[in-house]
Amino acid sequence: MRKQSTADSLTWGYSKENAKGNNQSPVAILSKDVFKDPALLPWFTGYDPGAAKNIRNTGKILRIAFDDTFDRSGNLSLIRGGVDSEWANSILVTANKGKEAPFPNFDPSILFPQNRSYYTYQGSFTMPPCEECVTWIVMKEPMTVDEQQMLKLRSLSSNSAEDPHCPLQDNWRPLQPLNNRMIRSTCQ
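Numbering (the working numbering), first residue to last: 1430 to 1617.
These are computed hints drawn from the structure, not numbers from a lab.
Please note that the accuracy of each hint is not assured.
What the hints assert, rightly or not - Subject to a maximum C-alpha distance of 27 Å in a straight line, what follows is the list of computed DSSO-like cross-link-like pairs (lysine-lysine):
1. Lys-1528 - Lys-1449
2. Lys-1449 - Lys-1461
3. Lys-1489 - Lys-1526
4. Lys-1581 - Lys-1489
5. Lys-1526 - Lys-1581
6. Lys-1489 - Lys-1449
7. Lys-1526 - Lys-1465
8. Lys-1482 - Lys-1581
9. Lys-1461 - Lys-1489
10. Lys-1465 - Lys-1569
11. Lys-1482 - Lys-1449
12. Lys-1461 - Lys-1528
13. Lys-1581 - Lys-1528
Predicted model only: the values in this text are computed from it and were never measured.
Make a model of the complete structure from these sequences and hints.
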């Protein structure tokens, strides 16, 4: 099986109609492009941890499914609670493409840094078909993982269990032009 790479995403703008728009993601967040917007509110309140149901390895990302019809899936950026936590164990169960595991009572608010300052802009999904319907929220402070958590994430495979291990890595999309979009921020 062929290894995925960021080189694949270089052709998206040519082969996928939706990936040719002016609001593609990700973008570089440079201070000269940022507008401090005092009208921005705290963005993460009142989440129901019971809404998370399972986690699935799609072969490209880990996708968390919720108990409603609205698809809030995304890239999993951090696992807290130590390497023996229920969530970290779910990662091991989903090590191969197509594998799924229960992911109950997941509260994303525990993932974020104490400083909730953020940047926001209108953009797209970062995987085909790259539809431009995403409001990006990017934390000012990066989230971190420890060495054991990183080892578990690196154990993920973009192949099924029957195929040779192919690490689920190098699956990011290169930066896209800002195209005069405004990046708003709660921070300086």
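Hint-by-hint comparison with the structure:
no.	hint	in the structure
1	Lys-1528 - Lys-1449	violated, 32 Å
2	Lys-1449 - Lys-1461	holds, 25 Å
3	Lys-1489 - Lys-1526	holds, 8 Å
4	Lys-1581 - Lys-1489	holds, 16 Å
5	Lys-1526 - Lys-1581	holds, 15 Å
6	Lys-1489 - Lys-1449	holds, 21 Å
7	Lys-1526 - Lys-1465	violated, 41 Å
8	Lys-1482 - Lys-1581	holds, 21 Å
9	Lys-1461 - Lys-1489	violated, 33 Å
10	Lys-1465 - Lys-1569	holds, 13 Å
11	Lys-1482 - Lys-1449	violated, 34 Å
12	Lys-1461 - Lys-1528	violated, 43 Å
13	Lys-1581 - Lys-1528	holds, 15 Å
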